[in-house]
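**Q** Just need the whole structure built from these sequences, with the hints factored in.
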Amino acid sequence: MRSRSLALCFALLALLALLALVAAPAARGQEVLLTPAQALREIFPDGARTSVDRKRLTPGARDSLERSLGRRILEDEVDVTRVFDAAGTLLGYAVVTEEIGKYRPITFMVGVTPGLAVKDVVVMVYRESRGGDVKRRRFLDQYRGKTAKDPIDADRDIINISGATISVRSMNRGVKRVLAELTLIYPPPPGGARQ
Amino acid sequence: MHARFTAVVSLTLAALVAPTALDAQDTTATRDSLARRVQQLERTVDSLRATAERQDERLMELDERSAAQQGVPAQPQLPGDTTRRTIPSARGIYGKPFVKRFGGGTAIGGYVDFEYTNDLDGHASSFDQHRLIPFLFAEITDRLHFGTEIEFEHGGNVEVEDGKAGGGGEINVEFATLDYRISEAFNVRGGIVLSPLGRFNLVHDSPVNELTDRPLLSTYVEPTTLSESGFGFFGTTYPSERTLLSYELYVVNGFTPGIFEVEDDGTALLRVREGRGLRGEDDNFAKSVVGRVAFSPFLGLELGASAHTGKFAARDGTFSGDERLTIWGVDATWQRGPVELLGEYGQLHTDVPATLAAAGAAGRQNGYYVQGSYHFGHGVIPPRATSVFTGTARWDHVDLDRDASGDALDRLTVGVNWRPVPDAVLKTDFQWNWNTPPGSTDRGDVQRRLLLSMAAYF
Chain A
10 MRSRSLALCF ALLALLALLA LVAAPAARGQ EVLLTPAQAL REIFPDGART
60 SVDRKRLTPG ARDSLERSLG RRILEDEVDV TRVFDAAGTL LGYAVVTEEI
110 GKYRPITFMV GVTPGLAVKD VVVMVYRESR GGDVKRRRFL DQYRGKTAKD
160 PIDADRDIIN ISGATISVRS MNRGVKRVLA ELTLIYPPPP GGARQ
Chain H
15 MHARFTAVVS LTLAALVAPT ALDAQDTTAT RDSLARRVQQ LERTVDSLRA
65 TAERQDERLM ELDERSAAQQ GVPAQPQLPG DTTRRTIPSA RGIYGKPFVK
115 RFGGGTAIGG YVDFEYTNDL DGHASSFDQH RLIPFLFAEI TDRLHFGTEI
165 EFEHGGNVEV EDGKAGGGGE INVEFATLDY RISEAFNVRG GIVLSPLGRF
215 NLVHDSPVNE LTDRPLLSTY VEPTTLSESG FGFFGTTYPS ERTLLSYELY
265 VVNGFTPGIF EVEDDGTALL RVREGRGLRG EDDNFAKSVV GRVAFSPFLG
315 LELGASAHTG KFAARDGTFS GDERLTIWGV DATWQRGPVE LLGEYGQLHT
365 DVPATLAAAG AAGRQNGYYV QGSYHFGHGV IPPRATSVFT GTARWDHVDL
415 DRDASGDALD RLTVGVNWRP VPDAVLKTDF QWNWNTPPGS TDRGDVQRRL
465 LLSMAAYF
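Residue numbers (the working numbering), protein chains in the order written: chain A, 10 to 204; chain H, 15 to 472.
Incorrect hints may have been included.
Stated by the list, open to error - Label-pair ranges, simulated between beta-carbon atoms:
hint	chain 1	residue 1	chain 2	residue 2	range
1	H	409	A	79	36 to 42 angstroms
2	H	58	A	198	51 to 57 angstroms
3	H	319	A	67	17 to 23 angstroms
4	A	99	H	315	35 to 41 angstroms
5	H	148	A	69	39 to 45 angstroms
6	A	62	H	384	29 to 35 angstroms
7	H	397	A	70	19 to 25 angstroms
8	A	62	H	348	40 to 46 angstroms
9	H	348	A	59	37 to 43 angstroms
10	A	81	H	348	31 to 37 angstroms
11	A	86	H	409	52 to 58 angstroms
12	H	173	A	81	45 to 51 angstroms
13	H	403	A	81	22 to 28 angstroms
14	H	315	A	153	17 to 23 angstroms
Please keep in mind that the hints were generated in silico from the structure rather than gathered at the bench. Where a beta carbon is used, it is the ideal one built from N, C-alpha and C, also for glycine.
**A** As structure tokens, then:
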């Protein structure tokens, strides 16, 4: 009886192992989910033309960013991809950025509307072995519509993921930084809506 | 890049040496100017280091993309898994923040808490350095990881004399596991595992919990911290873009006959905490199984179910060897904006030998808690970027003998805590405790306690 229940236990575990091995893809050191072009297409499906602005952050601009974000900024410049539709209308801006997750950088693209609200966020390269829930739509959809004025903070306007807290914080930091940078680079016209 | 870096370092050194020569002229303005220059150069060096790190990562990514363009899979398989990684990285000690990397794939971290308890009705108070828990993580290969937590409780003052341990502290290997990673959906784990019995056992670290004391359910019915020697599997899958399913399943040594305590007056009590899982040699042939399944239908809601079952004793004068202990529970967490609700229910059933039953040992227990938290006052107190207050209330109940009246504990806790940063917390809790004695229906007088504590990951 004892050996039968033990054998049953191990048989169950072995079956589970077999199912998982068949169903699951192999583990990877890092997961390249999207190339920059694929990420752009996902965020701006109507985009027909792009142009890249390399914007240099002056020491004054960097100080201003550091004050508003409450942390150090190490970048000297930001590459902003402006996306236009076939008629030449500006659809928005896209910035590829990185934030350190638990141990390694998470690379993601933040797409922003001309009015400087998040259009969408997509994870391009995920290198951590845990916390992968942040690359899923169910998490990323939370950023849509956020602006530089929003807290973009777990337990406030972003739902945290238990077990992926650090990755969530990293994503929050990155989205907030990109919004702050774009607001600084393309300040909204005084009293008027942006085209 | 290297030439630029060397030049910057040379400039920095020159700037550091230069003030010595200029001191002779005693020009304060020059010194200030040089100090500013040194600060500027330090900043440049920091920036260059960060740029170099980013470029390393980008080079890896470019390598992969170019490989993909040449027709090899876009997501390349790992190289052979028998060598150490050339680029050391320690990913994982799962769910634990603040792990610092040493190099060579080894990382260290931990958490500490410190408590002050005032039993207002018993006129007793105490400071307690309750837990000091370092943890280590090593990425032996890209797939094979080792993680451990070593627990020093109450100052860890353990004195061993004539082979017997004394002193007021406790030193314990809380878990020590080797994980072999196959995929996100399926991983193999062996060692002293943190038993997935109830949600709280898996997230019991003081810095992540809003209140100082653990729930009564997690003290008496699903005894936290529960870790046992065993082997099994864990993983996470995504049935759809919106849903998540995770599981853990282990075969373990299981509990011991120590779950029954016999008092000096001969009364027997069921206290599973005292018979928690064996880490060394098992005391019987039968193994126990413990597992938990969690399902999240959408972000912010998680529903879990867990169970632990197995025979726990060898045949002797008291036990037949066929007695089985089964503990099961369900749990739920829900969060939306600043509001978080969570609750757990658990119950246990055990076969009780006739001699212990005659001495009054219970065979069935259950308990639950419900807890609500609200985060507020973000940035009211510096540091403004991270500081937050949380108000929490929890109701606890455990019935330590479901087959008899009484023998139950109830507790209401309200607390406010402040987190200067997410991984450190200062807590203030107030408790009202009621103890219903065995055979009674009267909850008795309330016992009030004030608890102040601090906890942080490091």
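**Q** Any hints this thing doesn't respect? Which numbers, in order?
**A** Violated hints: 2, 3 and 6; rest satisfied.
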